[in-house]
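Residue numbers (this note's numbering), protein chains in the order written: chain X, 1090 to 1310; chain G, 2 to 256.
These are computed hints drawn from the structure, not numbers from a lab.
We treat Cβ as the ideally placed atom computed from N, Cα and C, and that holds for glycine.
No false leads were slipped in.
The list that follows gives simulated cross-link-like pairs (lysine to any residue, SDA-like), each with its CA atoms no further than 25 Å apart: (1) X:Lys1301 with G:Lys138; (2) X:Lys1303 with X:Met1290; (3) X:Lys1203 with G:Lys78; (4) X:Lys1204 with G:Gln87; (5) G:Lys138 with X:Ile1207; (6) G:Lys23 with G:Asp13; (7) X:Lys1246 with X:Gly1123; (8) G:Lys113 with X:His1136; (9) X:Lys1112 with X:Phe1293; (10) X:Lys1112 with X:Leu1285; (11) X:Lys1303 with X:Ile1115; (12) G:Lys38 with G:Asp243; (13) G:Lys38 with G:Gly194; (14) G:Lys115 with X:Gly1205; (15) X:Lys1203 with G:Gly20; (16) X:Lys1301 with G:Gln120; (17) X:Lys1204 with G:Ser44; (18) G:Lys165 with G:Arg125; (19) X:Lys1219 with G:Gln74; (20) X:Lys1112 with X:Ile1254; (21) X:Lys1297 with G:Glu140.
Stretches of chain G that chain X covers, calculated by requiring three or more beta carbons in the stretch to come under 8 Å of a beta carbon on chain X: (22) 98-104; (23) 108-115; (24) 148-160.
Derived, one-sided and incomplete: chain G residues facing chain X with beta-carbon distance under 7 Å: (25) Asn56; (26) Leu58; (27) Tyr82; (28) Gln86; (29) Met90; (30) Ala144; (31) Glu145.
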Amino acid sequence: MDTAFYSTQLIPALNRGLVMSLKLIIPSGIVGLGLGIVIGTLRTFGHPVIRKAANGYAMIFRGTPLLVQLFLLYFGLPNLGIYLDAYTAAVIGFILCSGAYHSEYIRGGLLSIKKGQILAAQSMGFSTFKTMVNIIVPQAIRRALPGCGNEIIYLIKYSSLAYIITCIELTGEGKIIATRTFRYTEVFLVIGFYYLVLVTMAMFLLHKIEEKLKIPGFGKA
Amino acid sequence: MTESKEPVLRVDNICKILGGKKILRSVSFSLQRGELKVLIGPSGAGKSTLLQCINFLIPPDKGHVWLEGTEIQSRRKRDLYAFRQQVGMIFQDFNLFDHLNALENVAIALRKVKRMNRQAARDRAVAELERVGLGDKLELFPAELSGGQKQRVSIARALAMDPKIMLLDEPTSALDPELIGEVLSVIRDLARGGMTMVLATHQIGFTRTLADEVLFMENGSIIERGLPEELLSPNAGTRSRDFCSRLDELYAENE
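Chain X extracted, bound-state conformation (with noise of 0.2 Å):
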């Protein structure tokens, strides 16, 4: 086996291509999920007119390929005079995307909330935002847990479409490599083992924290 090319060359290049990647992941994932949460508690219990909107976002942002919306953030917004370097316009790209689908999940939870809560809450005083912050989003998000977990999965294998708009990361830099040396199969076997280490540490951390969330009456027993 040529080990040679592997330490020197496609190893080194993945690395610095998986720094890259975290640098898009971690932020994209929290913001995402943030946005998310927002997102899905306005398109469940907002004022009409705002819900309407939200509802217009998840529609447009899972409803087009993600591809598309970052070649329009990164080729289209400078015909509005709005300049994106590459790895912000795909932060951009991936926390929309991923806060409209997160949205959906979030709304499946909080529509499971027993509408009876909202209203012991607000028979005790509670403003609508304060029976949200304080009683409903915490429930829905525990019951929202595993599908926004798979999301980030998604994410994390979604966010190679990065290199399309020229912010190389994992798999740009293998791509470089594998077409200036035509190793093809080894490159992208190794790529692929990357990606489900970095995986498979997602699902831990997603299990450690529903773990930690974990309450008697929500989820497993």
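Assemble the complex: chain X is given as a structure, and chain G must be docked to it using the hints.
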């Protein structure tokens, strides 16, 4: 208003139409301090809707509510939230917050609505839970409590807000027969302690012994009202009596 003292709560001409159906047709009554009024009547009579209209969980189409002589302006959010803090409400199906343990269920409104600090809220919550006999269940979550215990937590939760009146919407109707007693005994203690309450219930025996006045509702109106011994005595010949004797036939009384 012929009473010499000002009523704690006065409800006047409450009307509500839901889904094209008249649920409440001009309901009025008032409540003196320390009084227990019991709402009885068949399902669908409008008892729950009336109770929820009083604290505007269901906004009435028409009508006025006064608390200690001040009319509630339900359109002013701040006033509405302040009013609701003074009106405790107990629901048929408890409506505990499922993600919080018994202690937090009681403490959360103290912290988030009354803005008490964590320790003070905790102390108060412990005291209220002890008062309803749940001092040893502080850490348990709703899913780990029996129906009777859940309802007692919800009573503690309402009491912790220091309400001026309590509205109880069939607090024992969702309970297994053997659990009704523990909840009724808490309510009995409240009544004896002078809490002002409106109670919707099917517990006729309880009504006979504790009600200051019985309001019999049917088709969205209070059609009979009076002392329990007048309305519910065996030969009163009232609609209320008729209804209660049919209930007595259906259920063995739980007291």
